[in-house]
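Asks: Sequence:
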Amino acid sequence: MKQFVPAAAVVALQITACIAEELLPVQIRAPTPGHFSDIVANNTLDFGCRPVALPTSDGKFELQALLTRDQISWLHGEYSSDESITIQETVLDKRQTSGKAPIGTGDRFSGGSVTPSGLGTKANTASIASILNVNEINSALTGLANAYPGAFFKYNLPYTTFQGRTSVAAYTGAGADTSKYRLYLSAGMHARERGGPDNLLYWVADLLAANKSGSGLTYGSKSYTNAQVKSVLNAGIVLFPLVNPDGVVYDQSSGSLWRKNRNTRSGTSGSSIGVDLNRNFNFLWNFRKFFSSSVSPASTSPSSEAFYGTAAESEQETKNHVSVYDKFPGLRWFMDIHSAAGTILYSWGDDVNQSTDPKMNFLNATYDGKRGVTSDTVYKEYIPAADATNIKRAADAAVAGMRGVGSRSYTSQQAVGLYPTSGASDDYAFSRFWAKPGVSKVYGFTMEFGYSTNFYPTTSEFNNNIRDTNAGFMEWALTAVAVGF
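In UniProt numbering, the protein residues as written are 1 to 485.
Treat the hints as calculated values from the structure; they're not laboratory data. Any given hint could be a false lead.
Stated by the list, open to error - Computed spacing ranges between beta-carbons, pair by pair:
no.	residue 1	residue 2	range
1	Val439	Glu89	45 to 55 Å
2	Tyr159	Ser269	19 to 29 Å
3	Pro102	Gly369	45 to 55 Å
4	Asp396	Ala365	28 to 38 Å
None of the values given here were measured: they were computed from a predicted structure. Just so you know, even glycine gets a beta-carbon here, dropped at the ideal spot from N, CA and C.
Whole structure, please, built from the sequences with the hints as guidance.
Replies: Below you can see the structure in the form of C-alpha coordinates.
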(Lines of atoms letter the chains of each structure in order from A and count residues from 1; the text may use other names and numbers.)
(Lines give C-alpha, C1' and ligand atoms only; values in the text may rest on other atoms or scores of the structure.)
Protein backbone atom coordinates (compact mmCIF):
# COMPACT_ATOMS: atom_id res chain seq x y z
CA MET A 1 0.00 0.00 0.00
CA LYS A 2 1.47 3.34 -1.01
CA GLN A 3 1.57 6.04 1.68
CA PHE A 4 2.31 9.72 1.29
CA VAL A 5 5.38 10.73 3.32
CA PRO A 6 6.41 14.42 3.09
CA ALA A 7 10.03 15.28 2.48
CA ALA A 8 10.41 16.85 5.89
CA ALA A 9 10.12 14.20 8.61
CA VAL A 10 8.75 16.75 11.04
CA VAL A 11 5.71 17.36 8.86
CA ALA A 12 2.64 15.37 9.89
CA LEU A 13 1.20 12.88 7.43
CA GLN A 14 -2.06 14.76 7.27
CA ILE A 15 -2.52 18.41 6.49
CA THR A 16 -2.23 20.61 9.56
CA ALA A 17 -5.00 23.16 9.92
CA CYS A 18 -3.90 24.78 6.73
CA ILE A 19 -5.57 27.76 5.18
CA ALA A 20 -7.90 27.04 2.28
CA GLU A 21 -5.58 28.13 -0.54
CA GLU A 22 -3.10 25.39 0.44
CA LEU A 23 -5.62 22.74 -0.62
CA LEU A 24 -6.29 22.23 -4.30
CA PRO A 25 -9.03 20.16 -5.96
CA VAL A 26 -7.41 17.29 -7.85
CA GLN A 27 -8.96 14.98 -10.43
CA ILE A 28 -7.46 11.49 -10.69
CA ARG A 29 -8.58 9.55 -13.77
CA ALA A 30 -8.24 5.86 -14.60
CA PRO A 31 -9.81 3.23 -16.87
CA THR A 32 -11.55 1.41 -14.00
CA PRO A 33 -12.44 2.18 -10.37
CA GLY A 34 -10.14 -0.63 -9.31
CA HIS A 35 -7.15 1.46 -10.37
CA PHE A 36 -7.86 3.77 -7.40
CA SER A 37 -7.64 1.05 -4.73
CA ASP A 38 -4.14 1.85 -3.47
CA ILE A 39 -4.79 5.59 -3.59
CA VAL A 40 -8.00 5.33 -1.56
CA ALA A 41 -6.36 2.99 0.96
CA ASN A 42 -4.01 5.87 1.79
CA ASN A 43 -5.99 7.51 4.59
CA THR A 44 -3.58 10.44 4.80
CA LEU A 45 -5.23 11.87 1.67
CA ASP A 46 -8.45 13.88 1.67
CA PHE A 47 -11.23 12.53 -0.57
CA GLY A 48 -13.99 14.77 0.72
CA CYS A 49 -16.93 13.24 2.54
CA ARG A 50 -16.04 9.77 1.19
CA PRO A 51 -14.13 8.54 -1.88
CA VAL A 52 -16.38 8.20 -4.93
CA ALA A 53 -15.31 7.09 -8.42
CA LEU A 54 -17.65 8.65 -10.95
CA PRO A 55 -17.88 7.73 -14.65
CA THR A 56 -16.71 10.34 -17.16
CA SER A 57 -17.97 11.13 -20.65
CA ASP A 58 -14.96 9.43 -22.24
CA GLY A 59 -15.62 6.06 -20.60
CA LYS A 60 -13.13 6.43 -17.76
CA PHE A 61 -13.58 7.08 -14.04
CA GLU A 62 -12.66 10.09 -11.95
CA LEU A 63 -11.76 10.31 -8.25
CA GLN A 64 -11.84 13.77 -6.64
CA ALA A 65 -9.48 14.77 -3.85
CA LEU A 66 -8.29 17.85 -1.95
CA LEU A 67 -4.51 17.84 -1.68
CA THR A 68 -1.56 20.02 -0.79
CA ARG A 69 1.08 20.69 -3.43
CA ASP A 70 3.41 18.25 -1.62
CA GLN A 71 0.78 15.53 -1.88
CA ILE A 72 0.16 16.31 -5.54
CA SER A 73 3.88 16.05 -6.26
CA TRP A 74 4.03 12.76 -4.38
CA LEU A 75 1.13 11.34 -6.41
CA HIS A 76 2.77 12.38 -9.67
CA GLY A 77 5.97 10.66 -8.58
CA GLU A 78 4.28 7.45 -7.46
CA TYR A 79 2.27 7.04 -10.65
CA SER A 80 4.59 8.60 -13.22
CA SER A 81 5.25 5.20 -14.80
CA ASP A 82 1.58 4.21 -14.89
CA GLU A 83 0.13 5.75 -18.04
CA SER A 84 -3.36 4.53 -17.16
CA ILE A 85 -3.63 6.99 -14.26
CA THR A 86 -3.63 10.73 -14.86
CA ILE A 87 -3.54 13.42 -12.17
CA GLN A 88 -4.67 16.96 -12.78
CA GLU A 89 -5.23 19.83 -10.38
CA THR A 90 -7.89 22.44 -10.96
CA VAL A 91 -6.29 25.56 -12.41
CA LEU A 92 -8.62 27.94 -10.58
CA ASP A 93 -9.91 27.09 -7.11
CA LYS A 94 -13.46 28.48 -7.09
CA ARG A 95 -13.41 28.71 -3.31
CA GLN A 96 -10.82 31.47 -3.53
CA THR A 97 -12.68 33.81 -5.89
CA SER A 98 -14.54 36.93 -4.80
CA GLY A 99 -17.82 35.20 -5.66
CA LYS A 100 -17.52 32.76 -2.76
CA ALA A 101 -20.73 32.85 -0.70
CA PRO A 102 -19.97 34.86 2.45
CA ILE A 103 -20.85 33.81 5.97
CA GLY A 104 -23.61 35.94 7.45
CA THR A 105 -22.74 38.53 10.06
CA GLY A 106 -24.99 39.47 12.95
CA ASP A 107 -28.37 37.75 13.11
CA ARG A 108 -30.79 38.15 10.20
CA PHE A 109 -33.57 36.57 12.31
CA SER A 110 -33.10 38.95 15.26
CA GLY A 111 -33.13 36.28 17.91
CA GLY A 112 -36.24 34.69 16.47
CA SER A 113 -38.41 37.76 15.87
CA VAL A 114 -37.93 37.40 12.10
CA THR A 115 -39.30 34.26 10.43
CA PRO A 116 -36.94 32.37 8.10
CA SER A 117 -38.14 32.32 4.49
CA GLY A 118 -36.83 29.94 1.84
CA LEU A 119 -36.71 30.06 -1.95
CA GLY A 120 -39.62 27.75 -2.77
CA THR A 121 -42.24 30.42 -2.09
CA LYS A 122 -40.44 33.07 -4.15
CA ALA A 123 -39.72 33.79 -7.81
CA ASN A 124 -36.94 31.75 -9.40
CA THR A 125 -34.85 34.93 -9.61
CA ALA A 126 -34.84 35.31 -5.81
CA SER A 127 -31.61 34.59 -3.96
CA ILE A 128 -30.14 34.43 -0.48
CA ALA A 129 -27.01 36.53 -0.06
CA SER A 130 -25.05 34.65 2.61
CA ILE A 131 -24.63 31.37 4.48
CA LEU A 132 -26.05 31.13 7.98
CA ASN A 133 -23.59 31.52 10.82
CA VAL A 134 -23.92 29.24 13.84
CA ASN A 135 -25.88 31.72 15.94
CA GLU A 136 -28.30 32.31 13.06
CA ILE A 137 -29.02 28.59 12.76
CA ASN A 138 -30.29 28.52 16.32
CA SER A 139 -32.07 31.84 15.83
CA ALA A 140 -33.82 30.41 12.76
CA LEU A 141 -35.22 27.56 14.84
CA THR A 142 -36.51 30.07 17.39
CA GLY A 143 -38.04 32.14 14.59
CA LEU A 144 -39.93 29.13 13.23
CA ALA A 145 -41.13 28.18 16.71
CA ASN A 146 -42.39 31.74 17.27
CA ALA A 147 -44.09 31.95 13.87
CA TYR A 148 -45.81 28.56 14.11
CA PRO A 149 -46.74 27.97 17.77
CA GLY A 150 -48.21 24.55 18.34
CA ALA A 151 -46.90 23.38 14.95
CA PHE A 152 -43.13 23.73 15.26
CA PHE A 153 -41.29 22.57 18.37
CA LYS A 154 -37.61 22.90 19.25
CA TYR A 155 -35.70 21.31 22.10
CA ASN A 156 -32.18 21.10 23.49
CA LEU A 157 -30.31 17.85 22.96
CA PRO A 158 -28.88 16.17 26.08
CA TYR A 159 -25.11 16.39 25.49
CA THR A 160 -23.04 19.57 25.34
CA THR A 161 -20.19 19.58 22.84
CA PHE A 162 -16.49 19.43 23.74
CA GLN A 163 -16.38 23.23 23.71
CA GLY A 164 -19.55 23.51 25.78
CA ARG A 165 -22.17 24.31 23.16
CA THR A 166 -25.78 23.17 23.43
CA SER A 167 -27.20 21.56 20.30
CA VAL A 168 -30.80 22.05 19.23
CA ALA A 169 -33.20 19.86 17.26
CA ALA A 170 -36.79 20.48 16.21
CA TYR A 171 -39.88 18.69 14.94
CA THR A 172 -42.91 19.72 12.96
CA GLY A 173 -45.93 18.43 11.08
CA ALA A 174 -47.35 15.67 13.27
CA GLY A 175 -48.18 17.59 16.42
CA ALA A 176 -46.79 17.25 19.92
CA ASP A 177 -46.88 13.42 20.04
CA THR A 178 -43.27 12.40 19.32
CA SER A 179 -44.29 8.83 18.50
CA LYS A 180 -45.97 10.01 15.28
CA TYR A 181 -42.84 11.29 13.53
CA ARG A 182 -41.46 9.31 10.58
CA LEU A 183 -38.80 11.46 8.82
CA TYR A 184 -35.44 12.50 10.29
CA LEU A 185 -32.94 14.78 8.55
CA SER A 186 -29.61 16.07 9.86
CA ALA A 187 -26.93 18.42 8.53
CA GLY A 188 -23.69 20.09 9.51
CA MET A 189 -21.88 16.91 10.56
CA HIS A 190 -18.76 17.77 8.55
CA ALA A 191 -17.92 21.37 9.34
CA ARG A 192 -16.58 22.50 5.96
CA GLU A 193 -19.62 21.35 3.97
CA ARG A 194 -21.16 24.78 3.85
CA GLY A 195 -24.85 25.27 3.20
CA GLY A 196 -26.13 21.96 4.61
CA PRO A 197 -27.95 23.51 7.58
CA ASP A 198 -29.31 26.25 5.30
CA ASN A 199 -30.72 23.72 2.85
CA LEU A 200 -32.63 21.94 5.60
CA LEU A 201 -33.88 24.99 7.48
CA TYR A 202 -35.10 26.82 4.38
CA TRP A 203 -36.94 23.72 3.17
CA VAL A 204 -38.82 23.36 6.45
CA ALA A 205 -39.55 27.09 6.40
CA ASP A 206 -40.99 26.67 2.89
CA LEU A 207 -43.20 23.78 3.97
CA LEU A 208 -44.64 25.70 6.91
CA ALA A 209 -45.21 28.88 4.89
CA ALA A 210 -46.89 27.04 2.02
CA ASN A 211 -49.02 25.02 4.41
CA LYS A 212 -50.22 28.19 6.13
CA SER A 213 -50.95 30.11 2.92
CA GLY A 214 -52.48 27.18 1.04
CA SER A 215 -49.92 27.48 -1.76
CA GLY A 216 -47.42 25.13 -3.38
CA LEU A 217 -43.65 25.32 -3.81
CA THR A 218 -41.42 25.85 -6.83
CA TYR A 219 -37.71 25.07 -7.17
CA GLY A 220 -36.44 25.94 -10.63
CA SER A 221 -38.40 23.73 -13.03
CA LYS A 222 -39.87 21.57 -10.25
CA SER A 223 -43.20 22.46 -8.66
CA TYR A 224 -45.19 20.90 -5.83
CA THR A 225 -48.85 21.34 -4.91
CA ASN A 226 -50.20 22.33 -1.53
CA ALA A 227 -51.57 18.80 -1.20
CA GLN A 228 -48.04 17.44 -1.57
CA VAL A 229 -46.76 19.94 1.00
CA LYS A 230 -49.38 18.78 3.48
CA SER A 231 -48.60 15.13 2.75
CA VAL A 232 -44.93 15.65 3.60
CA LEU A 233 -45.67 17.63 6.76
CA ASN A 234 -48.21 15.08 7.95
CA ALA A 235 -45.47 12.45 7.90
CA GLY A 236 -43.78 14.35 10.72
CA ILE A 237 -40.31 15.83 10.22
CA VAL A 238 -37.52 15.82 12.80
CA LEU A 239 -34.58 18.09 11.97
CA PHE A 240 -31.13 18.35 13.52
CA PRO A 241 -29.63 21.12 11.37
CA LEU A 242 -26.24 21.57 13.05
CA VAL A 243 -24.67 18.36 14.34
CA ASN A 244 -21.14 19.77 14.70
CA PRO A 245 -21.35 23.37 15.97
CA ASP A 246 -17.78 23.47 17.32
CA GLY A 247 -16.36 22.45 13.97
CA VAL A 248 -18.56 24.85 12.00
CA VAL A 249 -17.60 27.79 14.22
CA TYR A 250 -13.94 27.00 13.60
CA ASP A 251 -14.34 26.48 9.86
CA GLN A 252 -16.36 29.65 9.38
CA SER A 253 -13.76 31.70 11.27
CA SER A 254 -10.65 30.09 9.79
CA GLY A 255 -11.61 29.16 6.21
CA SER A 256 -9.47 26.07 6.74
CA LEU A 257 -11.73 23.45 5.14
CA TRP A 258 -12.09 21.92 8.60
CA ARG A 259 -14.05 18.62 8.61
CA LYS A 260 -13.99 17.09 12.11
CA ASN A 261 -15.21 18.25 15.50
CA ARG A 262 -12.81 20.08 17.87
CA ASN A 263 -12.20 17.44 20.52
CA THR A 264 -8.56 17.69 21.69
CA ARG A 265 -8.41 14.47 23.74
CA SER A 266 -6.60 12.55 20.99
CA GLY A 267 -4.52 15.44 19.66
CA THR A 268 -3.94 19.03 20.66
CA SER A 269 -2.61 20.72 17.55
CA GLY A 270 -3.18 20.98 13.83
CA SER A 271 -4.91 18.11 12.08
CA SER A 272 -4.64 15.82 15.13
CA ILE A 273 -7.54 17.71 16.70
CA GLY A 274 -11.00 16.27 16.30
CA VAL A 275 -12.95 13.18 15.31
CA ASP A 276 -14.76 12.44 12.06
CA LEU A 277 -18.30 12.16 13.41
CA ASN A 278 -19.41 10.19 10.37
CA ARG A 279 -17.02 7.38 11.31
CA ASN A 280 -18.02 7.40 14.99
CA PHE A 281 -21.43 5.69 14.91
CA ASN A 282 -21.92 2.20 16.30
CA PHE A 283 -21.96 0.30 13.03
CA LEU A 284 -18.91 -1.92 12.50
CA TRP A 285 -16.99 0.89 14.24
CA ASN A 286 -14.00 -1.30 15.13
CA PHE A 287 -13.08 -1.71 11.48
CA ARG A 288 -9.78 -3.47 12.15
CA LYS A 289 -11.80 -6.34 13.62
CA PHE A 290 -14.70 -6.40 11.19
CA PHE A 291 -13.13 -5.54 7.81
CA SER A 292 -10.47 -7.05 5.63
CA SER A 293 -7.02 -5.64 6.37
CA SER A 294 -6.78 -4.65 2.70
CA VAL A 295 -9.37 -1.84 3.04
CA SER A 296 -9.48 1.38 5.06
CA PRO A 297 -13.09 2.35 5.84
CA ALA A 298 -11.89 4.78 8.55
CA SER A 299 -8.65 5.62 10.35
CA THR A 300 -7.12 5.06 13.78
CA SER A 301 -4.83 8.07 13.30
CA PRO A 302 -5.97 11.32 14.97
CA SER A 303 -4.31 13.23 12.14
CA SER A 304 -6.54 11.63 9.52
CA GLU A 305 -9.68 13.35 8.23
CA ALA A 306 -11.42 9.99 8.80
CA PHE A 307 -10.28 9.47 12.43
CA TYR A 308 -12.93 7.29 14.03
CA GLY A 309 -12.53 8.38 17.67
CA THR A 310 -11.70 6.41 20.80
CA ALA A 311 -14.87 4.28 20.90
CA ALA A 312 -18.18 3.94 19.10
CA GLU A 313 -20.25 7.02 19.98
CA SER A 314 -17.32 8.50 21.89
CA GLU A 315 -18.35 11.97 20.76
CA GLN A 316 -21.07 14.12 22.33
CA GLU A 317 -22.32 15.11 18.88
CA THR A 318 -22.77 11.45 17.92
CA LYS A 319 -24.61 10.76 21.17
CA ASN A 320 -26.93 13.69 20.46
CA HIS A 321 -27.64 12.34 16.99
CA VAL A 322 -28.45 8.87 18.32
CA SER A 323 -30.66 10.25 21.12
CA VAL A 324 -33.16 11.44 18.52
CA TYR A 325 -34.14 7.84 17.74
CA ASP A 326 -35.08 7.29 21.37
CA LYS A 327 -37.20 10.44 21.58
CA PHE A 328 -38.96 9.65 18.28
CA PRO A 329 -39.40 5.84 18.29
CA GLY A 330 -41.57 5.80 15.16
CA LEU A 331 -38.93 7.19 12.80
CA ARG A 332 -38.70 5.21 9.56
CA TRP A 333 -36.65 7.29 7.12
CA PHE A 334 -33.37 9.14 7.71
CA MET A 335 -31.27 11.42 5.53
CA ASP A 336 -27.88 12.92 6.44
CA ILE A 337 -27.01 16.00 4.38
CA HIS A 338 -23.44 16.38 3.13
CA SER A 339 -21.41 17.79 0.24
CA ALA A 340 -19.85 17.70 -2.26
CA ALA A 341 -20.19 14.92 -4.81
CA GLY A 342 -23.59 15.23 -6.48
CA THR A 343 -24.92 11.86 -5.30
CA ILE A 344 -27.66 10.24 -3.24
CA LEU A 345 -26.29 7.25 -1.35
CA TYR A 346 -28.28 4.39 0.17
CA SER A 347 -27.38 1.43 2.42
CA TRP A 348 -25.23 -0.49 2.81
CA GLY A 349 -21.83 1.22 2.96
CA ASP A 350 -19.70 -1.64 4.27
CA ASP A 351 -19.99 -4.02 1.31
CA VAL A 352 -22.01 -4.81 -1.79
CA ASN A 353 -25.69 -5.69 -1.17
CA GLN A 354 -27.11 -9.18 -1.56
CA SER A 355 -30.60 -10.53 -0.78
CA THR A 356 -30.08 -14.30 -0.89
CA ASP A 357 -28.20 -15.24 2.29
CA PRO A 358 -29.59 -13.71 5.51
CA LYS A 359 -26.80 -15.29 7.57
CA MET A 360 -24.19 -13.20 5.75
CA ASN A 361 -24.76 -10.03 7.75
CA PHE A 362 -22.91 -7.44 9.80
CA LEU A 363 -23.73 -9.18 13.10
CA ASN A 364 -22.28 -12.55 12.11
CA ALA A 365 -18.82 -12.96 13.61
CA THR A 366 -18.01 -15.67 11.06
CA TYR A 367 -17.31 -12.91 8.56
CA ASP A 368 -15.20 -10.69 10.79
CA GLY A 369 -12.03 -9.67 8.97
CA LYS A 370 -13.61 -10.40 5.59
CA ARG A 371 -15.86 -7.41 4.90
CA GLY A 372 -15.30 -4.48 2.59
CA VAL A 373 -13.62 -6.00 -0.47
CA THR A 374 -16.21 -5.09 -3.06
CA SER A 375 -14.58 -7.06 -5.86
CA ASP A 376 -14.71 -10.45 -4.14
CA THR A 377 -17.50 -12.92 -3.31
CA VAL A 378 -16.33 -13.80 0.19
CA TYR A 379 -18.73 -11.36 1.82
CA LYS A 380 -21.71 -9.30 0.70
CA GLU A 381 -24.03 -7.44 3.06
CA TYR A 382 -27.53 -8.87 3.42
CA ILE A 383 -30.53 -6.65 2.73
CA PRO A 384 -34.10 -7.94 2.31
CA ALA A 385 -35.17 -7.63 -1.32
CA ALA A 386 -38.17 -5.42 -0.49
CA ASP A 387 -35.94 -3.02 1.44
CA ALA A 388 -33.45 -2.89 -1.43
CA THR A 389 -36.27 -1.96 -3.80
CA ASN A 390 -37.69 0.69 -1.48
CA ILE A 391 -34.45 2.51 -0.77
CA LYS A 392 -33.35 2.56 -4.40
CA ARG A 393 -36.77 3.87 -5.39
CA ALA A 394 -36.46 6.76 -2.93
CA ALA A 395 -32.86 7.56 -3.95
CA ASP A 396 -33.76 7.56 -7.63
CA ALA A 397 -36.76 9.81 -6.95
CA ALA A 398 -34.61 12.30 -5.05
CA VAL A 399 -32.08 12.36 -7.90
CA ALA A 400 -34.85 12.93 -10.47
CA GLY A 401 -36.14 15.84 -8.41
CA MET A 402 -32.71 17.42 -8.07
CA ARG A 403 -32.01 17.03 -11.78
CA GLY A 404 -35.44 18.45 -12.53
CA VAL A 405 -34.57 21.78 -10.95
CA GLY A 406 -32.32 22.33 -13.93
CA SER A 407 -29.05 23.49 -12.38
CA ARG A 408 -26.94 20.31 -12.60
CA SER A 409 -26.87 16.50 -12.76
CA TYR A 410 -26.99 14.07 -9.84
CA THR A 411 -26.67 10.30 -9.52
CA SER A 412 -27.80 7.65 -7.03
CA GLN A 413 -25.74 4.68 -5.89
CA GLN A 414 -25.23 2.25 -3.06
CA ALA A 415 -23.17 3.91 -0.33
CA VAL A 416 -20.31 1.42 -0.55
CA GLY A 417 -19.69 2.40 -4.15
CA LEU A 418 -16.29 0.82 -4.59
CA TYR A 419 -14.82 1.71 -1.22
CA PRO A 420 -16.36 0.78 2.14
CA THR A 421 -17.08 2.96 5.15
CA SER A 422 -17.59 2.12 8.80
CA GLY A 423 -19.33 3.99 11.60
CA ALA A 424 -21.48 6.08 9.23
CA SER A 425 -24.78 7.67 10.24
CA ASP A 426 -26.84 6.20 7.38
CA ASP A 427 -25.74 2.61 8.00
CA TYR A 428 -26.22 3.05 11.74
CA ALA A 429 -29.81 4.16 11.12
CA PHE A 430 -30.57 1.07 9.04
CA SER A 431 -28.64 -1.35 11.26
CA ARG A 432 -30.59 -0.52 14.43
CA PHE A 433 -33.49 -2.75 13.39
CA TRP A 434 -31.26 -5.85 13.55
CA ALA A 435 -28.86 -4.75 16.28
CA LYS A 436 -31.49 -3.48 18.76
CA PRO A 437 -34.52 -5.78 18.93
CA GLY A 438 -37.84 -3.98 19.16
CA VAL A 439 -36.90 -0.74 17.41
CA SER A 440 -38.40 0.46 14.14
CA LYS A 441 -36.69 -0.17 10.82
CA VAL A 442 -35.19 3.07 9.52
CA TYR A 443 -34.00 3.45 5.93
CA GLY A 444 -30.74 5.44 5.84
CA PHE A 445 -29.58 7.81 3.10
CA THR A 446 -26.83 10.36 2.54
CA MET A 447 -27.34 13.34 0.25
CA GLU A 448 -24.13 14.71 -1.25
CA PHE A 449 -25.25 18.02 -2.72
CA GLY A 450 -23.21 20.44 -4.76
CA TYR A 451 -20.13 20.29 -6.94
CA SER A 452 -17.32 17.77 -6.38
CA THR A 453 -14.92 18.85 -3.60
CA ASN A 454 -16.31 22.40 -3.76
CA PHE A 455 -17.17 22.74 -0.09
CA TYR A 456 -17.22 26.54 -0.22
CA PRO A 457 -19.76 27.36 -2.95
CA THR A 458 -20.10 30.62 -4.77
CA THR A 459 -23.26 32.63 -4.04
CA SER A 460 -24.83 31.32 -7.24
CA GLU A 461 -23.92 27.72 -6.39
CA PHE A 462 -25.19 28.19 -2.84
CA ASN A 463 -28.62 29.20 -4.14
CA ASN A 464 -28.64 26.41 -6.72
CA ASN A 465 -27.81 23.98 -3.91
CA ILE A 466 -30.81 25.18 -1.88
CA ARG A 467 -33.18 24.62 -4.78
CA ASP A 468 -31.62 21.29 -5.77
CA THR A 469 -31.70 19.85 -2.28
CA ASN A 470 -35.17 21.13 -1.48
CA ALA A 471 -36.61 19.42 -4.56
CA GLY A 472 -34.65 16.31 -3.59
CA PHE A 473 -36.09 16.42 -0.06
CA MET A 474 -39.59 16.73 -1.48
CA GLU A 475 -39.23 13.73 -3.78
CA TRP A 476 -37.56 11.64 -1.08
CA ALA A 477 -40.28 12.46 1.43
CA LEU A 478 -43.12 11.91 -1.03
CA THR A 479 -41.64 8.53 -1.92
CA ALA A 480 -41.42 7.67 1.76
CA VAL A 481 -45.12 8.49 2.10
CA ALA A 482 -45.94 6.37 -0.96
CA VAL A 483 -43.88 3.39 0.24
CA GLY A 484 -45.44 3.67 3.68
CA PHE A 485 -44.36 3.68 7.28
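Asks: If a hint holds in the structure, say so; if it doesn't, say that too.
Replies: Structure-based check of each hint:
Look at valine 439 against glutamate 89: about 46 Å separates their beta carbons, and that is inside 45 to 55 Å. At roughly 25 Å, the beta-carbon separation of tyrosine 159 and serine 269 lies within the given 19 to 29 Å, and the hint holds. Our hint of 45 to 55 Å for proline 102 and glycine 369 holds, since their Cβ atoms are close to 48 Å apart. Between aspartate 396 and alanine 365 the beta carbons are some 34 Å apart, a value that agrees with the proposed interval 28 to 38 Å.
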